[in-house]
Amino acid sequence: MGIKIRNLEYIYMQGSPFEKKALSDINLDIADGEFVGLIGHTGSGKSTLIQHLNGLLVPQIGEIEVNGISTKEKGAELKELRQEVGLVFQYPEHQIFEETVYKDVAFGPKNMGLSENEIHERVVEALTYVGLDDSYYEMSPFELSGGQRRRVAIAGVLAMRPKTLILDEPAAGLDPAGREEILTQIRALYLKSKMTVILVSHSMEDVARIANRIIVMNDGKIAMDGKVSEIFSRGDELKNMGLDVPQVSALATELIKRGVKLDSNIYTIERAKAAIMLLAKEKRGAEEC
Amino acid sequence: MLKDITLGQYFPIESPLHKMDPRTKILGLVFMLIAIFVANGLIGYLAVTAFTLLVVLMSKVPFKTYFKGLKPIWFIIIFTGVLNFFLTPGTKIYIGDFSTGMTIEGVILAGKMALRLVLLIISSSALTYTTSPISLTDGIEKLLLPFSKMGLPAHELAMMMSIAIRFIPTLIEETEKISKAQQARGADFDSGNIIKRAKALVPMLVPLFISAFRRADELAVAMESRCYRGGNGRTRLNPIKFKKIDLITAIIFVIFFGIVIALRFI
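For the record, the sequence lines run as chains A and B. 1 is the number of the first residue of the first sequence in this note's numbering; add one for each residue after it. 1 is the number of the first residue of the second sequence in this note's numbering; add one for each residue after it.
Next comes chain A alone, as it looks inside the complex (with noise of 0.2 Å):
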């Protein structure tokens, strides 16, 4: 069923004398099952986007349906949406509110009203999908690291078995290496439970190596929207929107204006440390001949 936004609009205070179009006919189908990642300079509308999704936000104008909900008809069903929707705001550690690990991941499924065993069943799915095994269950939330912390509050979503999974920039503030294990563990959940995911971003990077689709957002509109290869070979558009593509994209096309033969769609690391092995060792044989 998955997603669908016609004509969407919102402008933020209207009728004072600050108000400010967030969005503008934003028009956008995502199937059952993709991996999205969603970039934007600061104010480009990513966040007031993704608030849409799961109801938080209604249309001002325009309309979405969200696997057959829509949410502007009047008694939608926001509090089924909302389940279907699972929404992990930026630093999600900030609203831990539980004594223990275990209790704060178990908000989410008590406000559905399921039973004990239910609940314990999804709370250990979803701390061990983070990576975090009994031993932190009854520890108070305060204790931990904050990338354990932020983990407590994404598997506090998870745990309400959504469709459809949206973060929003999941791996700010983290060090290298928590950034590294966020995302991993996001590709990983992925490809295991076959929801559809909605990464925001402003991290080249971070989406170029993880999602499937991208779709670029400048100015409260789609700019952009397709696969990651074709999104950053328009690098030149992308830095007029303030973006970046990633620091190996920009190598690869450096090298090839230079007359090096790579590969055009190089975007990861690994992919650009295959091709230029390729080169090193087809020049390596042309030379042995």
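Mixed in with the good hints, there may be bad ones.
Distance condition first, Cα-Cα at most 27 Å in a straight line; then the derived DSS-like pairs of lysine-lysine [said to hold, decoys possible]:
(1) 64/B - 20/A
(2) 79/A - 199/B
(3) 72/A - 177/B
(4) 79/A - 194/A
Read the hints as simulated data drawn from the structure, not as lab findings.
Model the placement of chain B on the given structure of chain A, informed by the hints.
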């Protein structure tokens, strides 16, 4: 929405009132408030009303804004007015042969009360509309300075005030963010009975307090690492100055105040 709360908001435009020393304005307001309550008789009331209007005109803030500021007190005005109509002893008002239960004295008293309340709010608003929170606390600090010899921590009080004012919008924003995050996890803030609703606030209040403490801690560290050591020997980027316009205003205020007092007691 929480964002719509306006709290004695500053109105950033240019006017003679904006340029004045905050001390003049604060003291002026104090005298004004006394005058409003001391004023007596038709001439007295006319004088304070006219003077308040003059201040409003000088502030160049639109009338509409002042009226918006009056919104929260309409209920009080009407409520006390109705009580005064009926409960003040005096000559009963008759319509034909039918006694309305109201008294002439009651109507007059209600009118006076309403006028006083409205003038009170308008003149206080004139101060907050024309003075930014920073210069307001600066002014209060300077005014309290003489008392610091008696052990009153003037600078610290002013600093606490400005920090508190500074963090109101931040905390409002934070509250909205946390409430959205918990709603995304199925929290329900607006259904059920009162106990259920109060309980539903826990997931919002705990993170809010934690973040407020964290912010306070970070701010303290940031201030200390920039060698903040309280008010002793501190200089200012924009020292407040008592200018000619302040002197003129002060003289006008003294004359006005004298007239109101004279009308009352002579």
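Tested hints:
Under the criterion of a C-alpha separation no larger than 27 Å, the hint pairing residue 64/B with residue 20/A is consistent with the structure, at around 23 Å. The straight-line distance between the Cα atoms of residue 79/A and residue 199/B is roughly 18 Å, inside the 27 Å bound, and the hint therefore holds. With a CA separation close to 22 Å, the supplied pair residue 72/A and residue 177/B stays within the 27 Å bound. Restraint check for residue 79/A and residue 194/A: satisfied, since their Cα atoms lie roughly 22 Å apart, inside the 27 Å limit.
When each numbered hint is compared with the structure, no violation occurs for any of them.
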